[in-house]
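Peer 1: Fit chains V, A and H to the known structure of chain L by using the hints.
If you want the building blocks of each chain, they are given just below.
Protein chains: 4
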Amino acid sequence: MSYQFQKMPEEKVFKDPVHRYIHVRDQLIWDLIKTKEFQRLRRIKQLGTLYLTFPSAEHSRFTHSLGVYEIVRRMIDEIFRNRPAWHNEDRPLALCAALLHDLGHGPFSHCFEKIFNTDHEAYTQAIITGDTEVNAILSRVHPGFAQEVADVINKTHKNKLVISMISSQIDADRMDYLQRDAYHTGVSYGSFDMERILRLMRPTEDEVVIKESGMHAVEDYLMSRYQMYWQIYFHPVSRGGEVLLNRCFKRVKVLYEAGYQFKSQPMHLLPFFEDAVSVQDYLRLDETVLFFYLQEWMNEGDAILSDLSRRFVNRDLFKYLPFDGSVITIGELTELFTQAGIDPEYYFVSDAYSDLPYDYDRPGSKNNRKPIHLLTRQDQIKEISTQSVIINSITGVNRMDYKLYYPKEMIVNIKDPAIKGAIINLLNELN
Amino acid sequence: MSYQFQKMPEEKVFKDPVHRYIHVRDQLIWDLIKTKEFQRLRRIKQLGTLYLTFPSAEHSRFTHSLGVYEIVRRMIDEIFRNRPAWHNEDRPLALCAALLHDLGHGPFSHCFEKIFNTDHEAYTQAIITGDTEVNAILSRVHPGFAQEVADVINKTHKNKLVISMISSQIDADRMDYLQRDAYHTGVSYGSFDMERILRLMRPTEDEVVIKESGMHAVEDYLMSRYQMYWQIYFHPVSRGGEVLLNRCFKRVKVLYEAGYQFKSQPMHLLPFFEDAVSVQDYLRLDETVLFFYLQEWMNEGDAILSDLSRRFVNRDLFKYLPFDGSVITIGELTELFTQAGIDPEYYFVSDAYSDLPYDYDRPGSKNNRKPIHLLTRQDQIKEISTQSVIINSITGVNRMDYKLYYPKEMIVNIKDPAIKGAIINLLNELN
Amino acid sequence: MSYQFQKMPEEKVFKDPVHRYIHVRDQLIWDLIKTKEFQRLRRIKQLGTLYLTFPSAEHSRFTHSLGVYEIVRRMIDEIFRNRPAWHNEDRPLALCAALLHDLGHGPFSHCFEKIFNTDHEAYTQAIITGDTEVNAILSRVHPGFAQEVADVINKTHKNKLVISMISSQIDADRMDYLQRDAYHTGVSYGSFDMERILRLMRPTEDEVVIKESGMHAVEDYLMSRYQMYWQIYFHPVSRGGEVLLNRCFKRVKVLYEAGYQFKSQPMHLLPFFEDAVSVQDYLRLDETVLFFYLQEWMNEGDAILSDLSRRFVNRDLFKYLPFDGSVITIGELTELFTQAGIDPEYYFVSDAYSDLPYDYDRPGSKNNRKPIHLLTRQDQIKEISTQSVIINSITGVNRMDYKLYYPKEMIVNIKDPAIKGAIINLLNELN
Amino acid sequence: MSYQFQKMPEEKVFKDPVHRYIHVRDQLIWDLIKTKEFQRLRRIKQLGTLYLTFPSAEHSRFTHSLGVYEIVRRMIDEIFRNRPAWHNEDRPLALCAALLHDLGHGPFSHCFEKIFNTDHEAYTQAIITGDTEVNAILSRVHPGFAQEVADVINKTHKNKLVISMISSQIDADRMDYLQRDAYHTGVSYGSFDMERILRLMRPTEDEVVIKESGMHAVEDYLMSRYQMYWQIYFHPVSRGGEVLLNRCFKRVKVLYEAGYQFKSQPMHLLPFFEDAVSVQDYLRLDETVLFFYLQEWMNEGDAILSDLSRRFVNRDLFKYLPFDGSVITIGELTELFTQAGIDPEYYFVSDAYSDLPYDYDRPGSKNNRKPIHLLTRQDQIKEISTQSVIINSITGVNRMDYKLYYPKEMIVNIKDPAIKGAIINLLNELN
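Top line first, the protein sequences correspond to chains L, V, A and H. The first sequence lines up with residues 1 to 431 when you count with UniProt numbering. The second sequence lines up with residues 1 to 431 when you count with UniProt numbering. The third sequence lines up with residues 1 to 431 when you count with UniProt numbering. The fourth sequence lines up with residues 1 to 431 when you count with UniProt numbering.
The following block holds chain L by itself, in its conformation from the complex (with noise of 0.2 angstroms):
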């Protein structure tokens, strides 16, 4: 039998907190577990910072792979399967673009993209097409088969069938990180009834779709959806973090810049502070690796590196309040930071977030996303907001949020009385 369809004598199983087991029989998807690039995963957390407010937190993104697989394969063998709208040849492909998706992710993704200008879904498609241990198992199946799942993750695939099961409003990936965040943080809220959501899906040519019995257990699905992004995601504390690891990675690449000897060369970073980084050095980062120089900078003679290094690795994290949004408090803040000797570049930061829980692509919207289908009784597909009240709701409705966030003891400590009195003051008009 051909490889993509090669089944182990005996199938494999990992326990799995949130699926029970988590079932492997194809000798592909195996293989391709085994390699050092989807083992890296492991020492990657899925909730980066999270963990520094909801302290259980510290699961990584190798059993959320695995999670995807599994919803993926339970989609197929036990929905799809023998269903017209199916190509069961398509299987292979589908299973692997769910394990690998990930695949590019580096460690604390969010902050360390942003100083290093890296883009994890740019490296998942370097690592599935460059010269590394997944592309040689993806290349057995035949030469073109992991640009071919490469381009699923990317979606630019011509299979929509196969993109929407893995990348959608309602798909394996966001299932998985739902339940299995809620898990870990230990919080109710992701709890939605996926075993309903699956035995309901359909398959068509070019989406998966949601029979319209199904209709309330999606409402539940985006409501936990919405949820866990206010009360978990955004958590203004673990963002604090978020912040403070931006702030360090900026101070270090600055300091490099300026030709700043390191007591400790940070060896791994320097294709970055350089731009200049192979597919293998990406891979060489995980989160091991940048907590050693963290750890490493709390003894720089920088004491802006050191501080924030010290700060993060310790959880000394900033104050943080809620305000307006407003570009005239940012600009008065700044101000009166720099006066008071506290640069604000690395002690004053200000963060907006915003989640738009369900939206789909309409004319003169920013956005690209694919609306959530329905299949009727007489077999038509109907958007969900036009269906469900609550769904129509939230539709197209974009909430924002900000946070100020600096050091407070800081605040306390500046010596001039009226710059100090200054900053409490405005701080006190923002609470």
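Careful, some of the hints might be misleading.
The list makes no distinction among identical chains, and a pair is therefore deemed to hold if it is satisfied within one copy or across any two copies.
Listed below are the simulated SDA-like cross-link pairs for lysine to any residue, each with C-alpha atoms no more than 20 angstroms apart in a straight line [stated by the list, open to error]: (1) Lys12 / Glu78; (2) Lys319 / Thr334; (3) Lys155 / Tyr360; (4) Lys36 / Met298; (5) Lys263 / Gln147; (6) Lys370 / Thr334; (7) Lys420 / Tyr346; (8) Lys12 / Thr124; (9) Lys7 / Asp77; (10) Lys250 / Trp86.
Hints are computed from structural coordinates only; laboratory data are not their basis. Keep in mind the model is a prediction, meaning the values are calculated, not measured.
Peer 2: This is chains V, A and H only, laid out in the frame that chain L set:
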């Protein structure tokens, strides 16, 4: 109010999947949690290499330590308070000892300790009584308080009741880790009715006893413990990870002692090589640091070190076989491996492990275990195995298991057919 | 100590799947639980006919009542106590009202009440203030205490704070039943973070308010409520069971009024037929008694009564169709059923139901609903829909649904092909 | 396609808290579920009087029967299918026997059977093979099929493999009820890893065996069973409910035989009094009917009957004391009760109960139990207690317990001080 009884204006909580919330109202506890020594526990996994088998078992000693504190807090505030045998002035001592009991754990404790002769219990004491942030805070209670906390953890304190809350055969430590490890591995074995056990615990002058109506709940707890040991903690695959790590550390130490020039000097380990480790040296080590070096070693010129570290990092584990512990078998195979040019020091490992699910100190017994005592309705104290058929059946029953570990593909590649055949025959006989 | 504050020597607990344990320490509460009127709630299902759709939903109002008591007890003992706005002398009043709030529920409340003009709220009052064991116990507190408890349940008591703990849009009643009904049906929709909501509840003179940091938890609770209504409580199959039961009761009453001679006289129902019901008559009714008669009626000579009761007992439900509520459609079908010789009074039922997930009293609004109030960090009170986009979107939005019920096989068996065809055509248009 | 393999156009599901969903695709199974005999199981509680102790334990034999069916369906469709020892033409037989195995259970089985000499196993057979809806459906498969199903349930069928799926020491029946009863009582004891056990079950010609890697999961299952027996099923309070009910039935039978004129004749029981019970008579009985009569009896003139029935209905249970089973003690107390004018036949009950957690048929053993067999990696069959220390320790170990039940306040009210004193002394000695 004196520091050890000072409450914060508002309670702080941590979301926790095992206890729902961990409640902190005491300033002393809050201050200890914020120390860098306690925060370091976030970088040490509770279950070492077990994530190689149970991929979600990525939780740290940080959350476990909070959990033990929470259980002891509930014992005191919900059950013991207002009972004559409990003296509430011991509350700070009990809470601090609970929180800090694992403070001296190092990275991958068991493997590391064996090679470098460190002892996490001694380091717990050293950190608590040495020049650390934790010590500074404890000393604010009174000058001898840090030593008292260390004495409770060391089981040398005169207050046997407080010791038994944290270190006995049914203590807060075990009750937390069984549940927490089960939660994160995703297995059901760790479940028992802690609420009932807590409700039925009674303080006496010497120890915590359990009302006899809780006997079945204790049986269930001991069985959970037994199952967790044999199904989770002793899982042969994850012990295979320990075997590899142990041989890595051994190799690196041997190389250092032989004057090997490392491409990248493992600075943090030098004090351990030299057996001149300060508390500060010890505290600088954590799993992110060791993982950094493990990845560096993959590029070292020494073939054994680079192979072993690559195997560990990329999870290319040894194969294992059960065997009967026979020294003769080991001797024969060791000899054959040597003849085949495979260094048995690193590539042929026999591993023995045993567990005594419950026992107590009797004349001639080697352990030093306090019995679990039941309190009858007539206020008599009875050792539990005299009351429970199930517990009686496992009391003092030691179970041993043996495994052999070796790299399967090295055997396959042995050139000399006679040696290869002899090895394969011997291994087949074991299976 | 006076009776209402008297504690039992040892706490009693009930094992409960929702709250783990229900704790009773007050003699007054224990005595109330032991009364025959409270024990009767074991024989009345919490969810009436819902077990016909969700087979495990067989739990009684007894456990729900204990659950509401437990939540109010925790509110008081864990959150309110020691806060200035809470007066602990109101504790017995609040606990008794919580425990007894459903005391007047009869068997299959909704169907029964419609036919026999009984009102469970009036009966709750009558049982509490009448000649009952419950009244005797409450009167031991002081002569007017029973009336006070009834007034809280009736929402006429002057203590608005206590009322709001038991009857508001986020009260102990709803928090218990959402979780309990979800547990017993086996669905995930009823989950929300009650622990967080409780922790953030604050008593004021007039009501319970919630700290604004709990806004998302309240959103999640309101969404759980919405989902439970549309996915569980309004499930069309179980409403089909209610439709049948309602028509059974109607038929038996019509027959009695027409002088029909029952083979087995329904003794317990005579006072209801005659509209001369005493409290004792009412208390003799429960679901075991009604089920006894329903099974007797299967053998009655009246074809309609025997058919309807057989259908209910053996779960041979009517078919249902969604429709738009059009009076014209109903009129046409009623006429056609009559022509076909199928009595539309019993065999053609239109059912409308609606839910208002959240609203508050505004000029012109028909409801009498108190808003949910948030407490800001500046101690201001704000109505929740002004703060939450999600809640704002559902505030005052009433959703209606309509279903038609009829016995499918009777349509199939209509002799006259023209009438049969006309009915089938009309029904097909609806679908 | 022949009826027994006919699939419905779309799968039907029941929501179930234990198995999430119960899946029905076979027309045969769906038709059986709709019969009145199967629907009757909704009116018989799974755990009889246990709700008096664990108030949420109100679930019926209906959901348990569906659960056993679902487990057998999964065994076949997920594990056995395509293995040589499994013959898929036995699937309908196995599914029907699983679904119907409890069909003959009557109301409060254990109490009722003792007094009226009925036997639920004989009635299961009688209902399946008699003139019933169930029989009509089974006979559509082929004329002898109903008898085959009955033979499997009776363990007389020649297909030992199918029997062992439903009736053995590790069968679908036990695996369902342990989990289901734990869920509804709210205890944690019933949890074990059914998924793992299912995955490791293998069919042989004679029985289901379990791969040896599942040994610990079986240990855990047997311990769950042991705990559920001693902590839940044998709970002395709920056995006190059985004691009362048993004495009620005894009294009503004695009265009938003595020609007592009931105010309200218990029509449904007359065939039982006369020992002339037809299948139809038996099927008319359920717990709603018995509860109707129990409430009627509260108003009967016979003081013993009205007292006992009132006690049961209103949960005014006897007090209980543990004792050593001594016949002498019982004799002395019986005599003293008689002297005090309290009829010991009804008001002084000794209750003995025992459990054998695991055993197998050996020369001289009284039970007729098949061992649990493990399948080794070398395909050998080994009895489990030879492999497991834990199971070996409980094999064949019978544990007995004794309780005495009596009405406490009747003792208190004895007029003669000598007799009263003597009784109280004897009871105190027991305690």
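Peer 1: Taking the hints in turn, state whether each one holds.
Peer 2: Hints, verified against the model:
In this homomeric assembly, Lys12 and Glu78 come within 20 angstroms of each other (Cα to Cα) both inside a single copy, at 18 angstroms, and across copies, at 15 angstroms. Within a single copy, Lys319 and Thr334 get their C-alpha atoms as close as 16 angstroms, which meets the 20 angstroms cut-off; across copies the closest is 61 angstroms, which misses it. For the homomeric pair Lys155 and Tyr360, the shortest alpha-carbon distance inside one copy (16 angstroms) is at most 20 angstroms, but the shortest distance between copies (46 angstroms) is not. Only between protomers do Lys36 and Met298 lie at most 20 angstroms apart by alpha-carbon distance; the minimum there is 12 angstroms, versus 31 angstroms within a single protomer.
In this assembly of identical chains, the alpha carbons of Lys263 and Gln147 never lie at most 20 angstroms apart, being 43 angstroms within a copy and 37 angstroms across copies at closest. For the identical chains of this complex, Lys370 and Thr334 are neighbours neither inside a copy (41 angstroms) nor across copies (45 angstroms), given an alpha-carbon limit of 20 angstroms. For the homomeric pair Lys420 and Tyr346, the shortest alpha-carbon distance inside one copy (18 angstroms) is at most 20 angstroms, but the shortest distance between copies (63 angstroms) is not. Within a single copy, Lys12 and Thr124 get their C-alpha atoms no closer than 26 angstroms, and across copies no closer than 40 angstroms, so neither meets the 20 angstroms cut-off.
With identical chains, the CA atoms of Lys7 and Asp77 are at most 20 angstroms apart both within one copy (14 angstroms) and between copies (19 angstroms). For a Cα distance limit of 20 angstroms, the shortest separation of Lys250 from Trp86 qualifies neither inside one copy, at 48 angstroms, nor across copies, at 52 angstroms.
Of the numbered hints given earlier, the model fails hints 5, 6, 8 and 10; all others are met.
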